[in-house]
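Add chain E to chain D, keeping to what the hints say.
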Amino acid sequence: MVLTSYINKEIDFNEENKELLEEIISLGLSLGADFVEIFLENTDNISVLVEEDFITNVSPSFGKGAGIRIFKDKRDGFVSTNDLSKKGLINSITQAIEMLDINSTTIKRFEGLEDIRNYSIDKCSWLDAIPTVNEIGEKLLSSTKFLKKEEKVNVRKGSYSRNWQKVIIASSDGTFAKDIRLHQTVGLNVIALDKQYRSSGSRRFGSSDSPDEFKNWNHEAAANEVLDSSMNMLYADYVDACQKPVVLANKFGGVIFHEACGHLLETTQIERGTTPFANKLNKKIAHEAVTAVDEGISSGSFGSLSVDDEGMEPEKSILIKDGILKKFISDRAGEMRTGHKRTGSGRRQNYSFAAASRMRNTFIAKGNYSKDELISSISDGLYCKSMGGGSVGATGQFNFAVEEGYLIKNGKLTKPVKGATLIGEATEVMPKISMCGNDLELAPGFCGSISGSVNVTVGQPHIKVDSITIGGR
Amino acid sequence: MDLKEISNFITISAETLNIKKWDFGASFSNDFSVQVDKGIAKQLKASQKQVLTLRVWNNENLVGITTTSDLSENGLKKALYQANLASDYGNKNELTDFSPLAKDPIKKIKEFKRSPAGIKKLLETLRIAENELLNKHSAIKTIPYNGLSESFFKRIYANSDGAQRSYEKSQAAIYLYARAEENNRKPRSSGSVKIGYGLEDIDINSCIEEAAEKTISHLNYKAIETGKYKICFSPESFLTLINAFSSMFNARSIIDGVSISNKDSIGDMIANPLLNIFDDGLHEKNISSAPFDGEGTPTQKLCLINNGKLENFIHSESTARIFKTKPTGHAGLGSKVSVSTDWLVVERSENLSKHNYLNHKDYLGEYIYIEELNAIHAGVKASQGSFSLPFDGWFYKGGKRISIEAATVAGDLKILLKDIINIEKKQYLTTSGISPHIWVKELSITGDA
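Protein chains in written order, with my numbering: chain D, 115 to 587; chain E, 167 to 615.
Chain D with its partners taken away, still in its complex shape:
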């Protein structure tokens, strides 16, 4: 039994809380844990919705919580709570110990927490620097007004979301870090209508750690992009089901690589035995035209981090180099269970999830071709200008909706088509990416997986896939 002081302190997010955290970590180790990690979170969020010409919803939210994780051998127990009092944290770590049924006499040595790595020093004024609700409302209203210029547009929406998160991470290897994260997203959605014809268009824009980004957002250009997309697709015919070459557009086209291949390179997939790439390190898994990267360091990118949710600074990981698999995306548990070194990719939605190996900014690197060269190389195919959502099954099969597609005939873009779905398997499609364009761009998004929904960017230049199954009517 370890004596703890009876003063019931509570976590104060304006302080380091070093003494209290060391006490909790010591308690966990004294009860037999091999490793203890505490993740503390304080949030302040708001969302604003504008429909047609009115603000229809303003929803603030705030909260705090703790996620405590302990490891014993390769097992881990995770407890989350809203009770940040000392008593609450002791209860949580005791519960984690009991869950793992630890009955160990060997006590791991704890040297105490290192000096705090405070990544939040220059970020403390962010909450004051972000736009006010008035400023947000005005810009969104201006955006939806702009969408009005096309009379067939029946539904106009603009939305804004701000997530501010202060975190403190402390663990028994001495890791001690503090950070503030800021993510802002804005989305525009339209539905166009003409008799029996309907189409929709949507775009999302996002930034991380840039309080002024929303103010600088070019809402007119964004509105034009959404309008063009929905109007082009309004009278489109359904695509015929077939197998053809496709050109996938840059930016959000990278969602296919993210879903179909990126997830299979996370160590959680190796642990589960659900990736076909587990034993392919330094082997060819893609066409030699393909180099792919996952990194968390690009300034302002939606998936960038100063420090991951396990207290490690993110690195740039070359996942695939000229078609050869070079690295997996790994977190602490992944390193422990699979042997792949951590990459600063331990991420979670919030305190109620244990961190897991997750992508950050993931993209296919640029090649040497222009978009026109890719399209002109195809006599009969499909150009996927804008991708919708998709998913990957437990056996690696993926399925993605094409939001905006155009037939390619004799090297030229022809009529728009709707209802297309791209179907395939990463192991079959990766070797068929034969040409990469020179126009790499990234796009923000949210990725849902084992540790919840996290901010990411996807990206690629225009790429050509020699053949893929296209679902249609």
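Watch out, some of these pointers could steer you wrong.
[Said to hold, decoys possible] With a Cα cut of at most 20 angstroms, we get these calculated DMTMM-like pairs of lysine to aspartate or glutamate:
hint: 1; chain 1: D; residue 1: K186; chain 2: E; residue 2: E290
hint: 2; chain 1: E; residue 1: K244; chain 2: D; residue 2: E124
hint: 3; chain 1: E; residue 1: K208; chain 2: D; residue 2: E212
hint: 4; chain 1: D; residue 1: K259; chain 2: E; residue 2: D422
hint: 5; chain 1: D; residue 1: K394; chain 2: E; residue 2: E347
hint: 6; chain 1: E; residue 1: K388; chain 2: E; residue 2: E348
Derived by calculation from the structure, the hints in this document are not laboratory data.
Okay, now just chain E, sitting in the frame of chain D:
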């Protein structure tokens, strides 16, 4: 704090901010879950969560809202303050009020609250289940997705007009998704989910049997030709499809212009007259039943489609006022209140008995049986009525079946509902509702052959 303490504290604090009208909904939960990997505990989780959503009305009767997990006195004061600020941006074009039914009696449902089994018991049970499933067939190499959980929660609603409601419940769930692989063949994966009020109520053996049967039966597969096929939807897959398009019943979606229905659609023949659909959140088989919605409106059974005719929409307080009707017990809690279905019950109309042909157990013709639809979030355009979805299923011919390697089914819901050619008599219980097998004249299938 309990319901009365929170209500009292908010009453006193609201007065200091000159807030006269408010309501709140809160939930408190304790959750426990385990996962295993070949007998070894992988991750054991416990969580204690509380969340409160508070609405206040300002002097212009505009609503502001705040959500928080900080239920300390300071947290509640801050929530009131923030909600009050947010009310400056309340929607003047669509006022929200208390539900007129928030104080109506709620249907007494037995409070199914089991005692916690505890992490050790959960772990032991899941280990055994995983082992039994692994031993069902040599091709089953792993159970990559598995979990056993139990949850204990309390939900409350109260408003400044004196409405106070609460209920407590427990729920447990197991899922087992197996991955099977044979030499030179693609891996196949399938699984099963079972839920109950507590661990003792879950039929774990049937979960194991179902996961094994589904996974193994798909080992022998074949690609199919792209084309149009007669379709039989399993109860699960039909409910998945209807839930994905539930905006057609949703008054909120209709007002927002994102539904395939419109304000005048009630009374329209939208489906084959064989089809009846009810929303019945209080159905005795619905483990997740709740006696009231986010606005405190009592949950009720509502007929959505009657003999093929669109009969009712689901409503919150504000949408009901716009449609000049009553809220139906399907609301969330917000300044813009969301609306959603509870638990769908699909049945064959009793009035029509002449369509008795086509039964999935004895039909000898050629058709595709859709067992499970996937990637719903990506392949459904609810505002347009179209869908293109991957599925797990079977190709039937002459009474023999073969698993389909990989394929998608595409169509338009409006056409599909009218193209229903039979609804079998027998209903099956699923985790998301009750439905019989549903036959459709034809749909487009994209295969890999």
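These are the hints, each one checked on the structure:
no., hint, result
1, K186/D - E290/E, "holds (18 angstroms)"
2, K244/E - E124/D, "holds (18 angstroms)"
3, K208/E - E212/D, "holds (15 angstroms)"
4, K259/D - D422/E, "holds (17 angstroms)"
5, K394/D - E347/E, "holds (18 angstroms)"
6, K388/E - E348/E, "holds (14 angstroms)"
This entry satisfies every hint, going by the numbered hints stated previously.
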